[in-house]
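A.B. asks: Let's have the full structure, built from the sequences with the hints guiding it.
There are 2 protein chains.
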Amino acid sequence: MLVVQKYGGSSVANAELIRNVSRRIARRVAAGDRVVAVVSAMGDTTDDLLALAQSITDEPNPRELDMLVATGEQVSCALVAMALQAIGVDAVSLTGQQAGIFTGSQQHQAGRVSRVEGDRVRQELEAGRTPVVAGFQGITEDFEIVTLGRGASDLTGIVLAIALGADRYENCKDVTGIYTTDPRIEPLARQLKDITYEEMLELATQGSQVMHNRAVELASVYNLPIMVTSSMVDAPGTLIHGGTELEERNRVRAIAHDTDVAKVTVRQVPDRPGIAAHIFEPLAEAGISVDTIVQNASDHNLTDLTFTIGRKDLKRTEALMPSICQSVGAGSYVANGELGKVSIVGVGIQTAHGYAARMFRTLYDAGINIELITTSEIRLTCIIEAAKVHDAVRALHAAFELEKAE
Amino acid sequence: MLVVQKYGGSSVANAELIRNVSRRIARRVAAGDRVVAVVSAMGDTTDDLLALAQSITDEPNPRELDMLVATGEQVSCALVAMALQAIGVDAVSLTGQQAGIFTGSQQHQAGRVSRVEGDRVRQELEAGRTPVVAGFQGITEDFEIVTLGRGASDLTGIVLAIALGADRYENCKDVTGIYTTDPRIEPLARQLKDITYEEMLELATQGSQVMHNRAVELASVYNLPIMVTSSMVDAPGTLIHGGTELEERNRVRAIAHDTDVAKVTVRQVPDRPGIAAHIFEPLAEAGISVDTIVQNASDHNLTDLTFTIGRKDLKRTEALMPSICQSVGAGSYVANGELGKVSIVGVGIQTAHGYAARMFRTLYDAGINIELITTSEIRLTCIIEAAKVHDAVRALHAAFELEKAE
Numbered sequence: 001m002l003v004v005q006k007y008g009g010s011s012v013a014n015a016e017l018i019r020n021v022s023r024r025i026a027r028r029v030a031a032g033d034r035v036v037a038v039v040s041a042m043g044d045t046t047d048d049l050l051a052l053a054q055s056i057t058d059e060p061n062p063r064e065l066d067m068l069v070a071t072g073e074q075v076s077c078a079l080v081a082m083a084l085q086a087i088g089v090d091a092v093s094l095t096g097q098q099a100g101i102f103t104g105s106q107q108h109q110a111g112r113v114s115r116v117e118g119d120r121v122r123q124e125l126e127a128g129r130t131p132v133v134a135g136f137q138g139i140t141e142d143f144e145i146v147t148l149g150r151g152a153s154d155l156t157g158i159v160l161a162i163a164l165g166a167d168r169y170e171n172c173k174d175v176t177g178i179y180t181t182d183p184r185i186e187p188l189a190r191q192l193k194d195i196t197y198e199e200m201l202e203l204a205t206q207g208s209q210v211m212h213n214r215a216v217e218l219a220s221v222y223n224l225p226i227m228v229t230s231s232m233v234d235a236p237g238t239l240i241h242g243g244t245e246l247e248e249r250n251r252v253r254a255i256a257h258d259t260d261v262a263k264v265t266v267r268q269v270p271d272r273p274g275i276a277a278h279i280f281e282p283l284a285e286a287g288i289s290v291d292t293i294v295q296n297a298s299d300h301n302l303t304d305l306t307f308t309i310g311r312k313d314l315k316r317t318e319a320l321m322p323s324i325c326q327s328v329g330a331g332s333y334v335a336n337g338e339l340g341k342v343s344i345v346g347v348g349i350q351t352a353h354g355y356a357a358r359m360f361r362t363l364y365d366a367g368i369n370i371e372l373i374t375t376s377e378i379r380l381t382c383i384i385e386a387a388k389v390h391d392a393v394r395a396l397h398a399a400f401e402l403e404k405a406e
Numbered sequence: 001m002l003v004v005q006k007y008g009g010s011s012v013a014n015a016e017l018i019r020n021v022s023r024r025i026a027r028r029v030a031a032g033d034r035v036v037a038v039v040s041a042m043g044d045t046t047d048d049l050l051a052l053a054q055s056i057t058d059e060p061n062p063r064e065l066d067m068l069v070a071t072g073e074q075v076s077c078a079l080v081a082m083a084l085q086a087i088g089v090d091a092v093s094l095t096g097q098q099a100g101i102f103t104g105s106q107q108h109q110a111g112r113v114s115r116v117e118g119d120r121v122r123q124e125l126e127a128g129r130t131p132v133v134a135g136f137q138g139i140t141e142d143f144e145i146v147t148l149g150r151g152a153s154d155l156t157g158i159v160l161a162i163a164l165g166a167d168r169y170e171n172c173k174d175v176t177g178i179y180t181t182d183p184r185i186e187p188l189a190r191q192l193k194d195i196t197y198e199e200m201l202e203l204a205t206q207g208s209q210v211m212h213n214r215a216v217e218l219a220s221v222y223n224l225p226i227m228v229t230s231s232m233v234d235a236p237g238t239l240i241h242g243g244t245e246l247e248e249r250n251r252v253r254a255i256a257h258d259t260d261v262a263k264v265t266v267r268q269v270p271d272r273p274g275i276a277a278h279i280f281e282p283l284a285e286a287g288i289s290v291d292t293i294v295q296n297a298s299d300h301n302l303t304d305l306t307f308t309i310g311r312k313d314l315k316r317t318e319a320l321m322p323s324i325c326q327s328v329g330a331g332s333y334v335a336n337g338e339l340g341k342v343s344i345v346g347v348g349i350q351t352a353h354g355y356a357a358r359m360f361r362t363l364y365d366a367g368i369n370i371e372l373i374t375t376s377e378i379r380l381t382c383i384i385e386a387a388k389v390h391d392a393v394r395a396l397h398a399a400f401e402l403e404k405a406e
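Protein sequence lines correspond, in order, to chains A and B. Heads up: the first sequence runs through residues 1 to 406, numbered per the working numbering. Heads up: the second sequence runs through residues 1 to 406, numbered per the working numbering.
Wrong hints could be hidden among the right ones.
Chain A side only, calculated, beta carbon under 7 Å to chain B, not exhaustive [what the hints assert, rightly or not]:
| # | residue |
| --- | --- |
| 1 | 60 |
| 2 | 61 |
| 3 | 71 |
| 4 | 79 |
These are calculated hints, taken from the structure and not from any lab test. In this text, a Cβ means the ideal position worked out from N, Cα and C, and glycines have one as well.
C.D. replies: The following block contains the structure:
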């Protein structure tokens with residue numbers, strides 16, 4: 001089997017961990033698999049480099065930042081290759097450029113992969129070598145170094161796996177897989193054997209930190225199976241896949257949560273076309289990312305419009321609100337910065353009966369007030385008081401019997 | 001004027017020094033010069049990266065070492081470019097590859113520049129930008145990263161200056177120029193206004209650390225003037241140049257010294273062809289670099305052959321000596337590891353009368369015994385007891401009146 005494995009920063013944070021990763025790769029090679037490893041920068045290296053840039057100037061140029069931070073992955077891929085060689089595995093490190101990861105130009109700090117030239121990696125594999133690729137980076141057609149955005153080493157791994165026609169992509173982490181919810185909150189949380197791409201995307205959007213959404217989306221388009229597994233211990237992981245036979249499963253698979261939510265409600269907005277643009281354009285220009293938007297039913301041509309943002313953006317949002325209210329002729333606004341959200345996720349739950357009702361009843365029984373409800377195809381989210389989020393996670397985990405094996 | 005400036009590791013060792021370097025470059029740009037900056041890795045970065053490799057494996061692969069240590073210069077060129085931008089200079093950092101520094105393949109850790117593709121640097125200059133190039137690194141035609149050997153950022157600067165047809169190469173350091181001798185030993189040492197390439201090469205070979213010999217040789221071939229100057233203070237530097245009009249100057253320009261010399265004498269060697277090969281091939285195979293070789297006049301077909309090496313190699317050399325003596329039928333050998341050397345350097349001194357005599361007389365008057373004498377076109381070197389080297393430097397500096405302005 002041809003497998004692309006990614007090792008994140010915490011898995012290669014020091015020499016001991018790098019040797020551990022190399023032994024893990026070596027075992028797979030010895031077992032007959034062909035392995036392409038993709039590595040992130042060691043531990044906090046990327047943050048350290050960004051701090052160094054900040055010590056030079058408050059507003060470092062994005063192109064120069066890419067030049068700077070791309071060194072982090074170059075260091076770790078060289079060290080992992082050395083560690084492999086030291087235990088007898090013929091390995092070779094490759095920069096993003098050498099691995100043929102091309103991006104568009106003018107995309108510094110947020111590169112999009114435009115094409116993958118897999119020849120070099122294929123040649124190394126055919127020569128019996130194990131390529132160790134610097135994640136998170138690519139090159140433009142003009143040889144400009146571009147990074148793919150924070151956490152995007154997964155993207156490097158996925159595009160390489162697709163280009164090489166790999167059988168599987170493995171995301172090797174400091175966790176053993178995807179859980180029904182955060183085990184630090186609910187000790188009964190159970191590791192899932194598998195999960196669909198869609199469910200994974202909803203979990204990620206709702207606060208789970210396991211994988212980069214762009215990477216999961218891309219894998220789903222090419223139907224590339226992803227195994228989320230431990231880089232430390234030998235344990236079964238969680239397989240993310242298309243799961244067509246599971247579409248009709250109709251059950252809650254996991255509980256996602258987030259405790260950093262702020263909500264702003266603009267009241268008594270005259271309900272005419274263009275209102276939303278007037279409200280959200282100034283926020284977008286200020287770089288404030290809006291999460292959920294809910295517009296309540298209109299009453300006497302006046303409507304209430306509510307949106308949620310990350311708590312860190314609340315201060316800057318409140319500074320913009322008076323002029324926004326004036327521009328749309330709204331009566332006033334109210335803000336609440338002490339909110340969180342809890343979501344149930346599972347393919348089919350929206351179309352099936354009873355899931356929403358059971359969720360609301362469970363929160364009610366736990367004495368938790370619901371501020372806002374939003375839904376997607378496979379998700380149902382309630383915005384609640386931040387202090388109640390952990391209680392809600394535990395209550396819902398029990399109500400949907402997620403501790404029981406499927 | 002188009003000038004290529006190099007800033008060594010100690011000139012960019014931290015954010016404050018990087019800002020200082022950027023102000024220095026900015027003043028030159030403001031004065032109307034076009035500047036290409038070449039930078040080394042910050043402070044001890046290269047050593048830190050090598051230590052990191054050693055923590056992974058005792059014998060890191062040279063290709064992987066290049067991949068690893070080349071990041072040091074990439075970091076510093078990005079930071080210097082940021083610092084320039086922060087004070088309003090339109091700058092752009094370039095890796096060795098982006099600057100078009102090509103090397104031969106299979107030359108990891110000791111790359112030789114095969115060609116310079118100066119188009120990108122020229123384009124940046126024409127667009128009014130100041131390129132900041134990562135020193136010490138190049139790329140093969142197959143996009144493999146190759147470093148040019150320790151201290152070779154000067155080489156990057158020189159080949160770029162030649163390729164661009166620059167008016168001058170400036171080596172900006174933590175010293176203000178070339179001195180008649182080490183000012184830490186002889187406080188009366190005086191900074192030279194200029195010096196010839198040949199004199200500089202002899203000084204470097206004899207222990208002066210100012211510039212990489214390969215860089216000086218290359219500059220001399222292309223008659224590129226080199227200014228050695230301070231990266232910290234505004235002070236006149238020392239110009240290294242062809243100096244044809246100075247050929248007949250006939251005077252001692254500087255005193256070089258080295259306190260880490262060991263000497264081995266092979267005694268009573270039967271004087272027949274092939275002796276030297278039998279003695280020096282085993283040393284070369286062991287990676288021991290032999291400095292001076294002197295064969296004394298033959299007597300009854302037996303000769304004494306003396307060579308000097310760095311003190312650090314003495315132990316390994318002594319281990320090889322018994323078998324070497326046996327293979328050439330030598331009677332025995334003697335070794336002395338506590339030696340040093342002192343040299344007088346100056347174009348024309350060998351052909352002129354009196355310099356050698358004055359050197360020997362000066363050492364005799366100072367009670368210093370001469371173990372070995374070697375000469376070149378423009379140098380006269382005496383091997384003496386290591387403990388007497390500093391005394392010899394001061395005595396010769398006074399005897400040749402180097403404290404006096406020329």
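A.B. asks: Provide an ascending list of the numbers of those earlier hints which the structure does not satisfy.
C.D. replies: none
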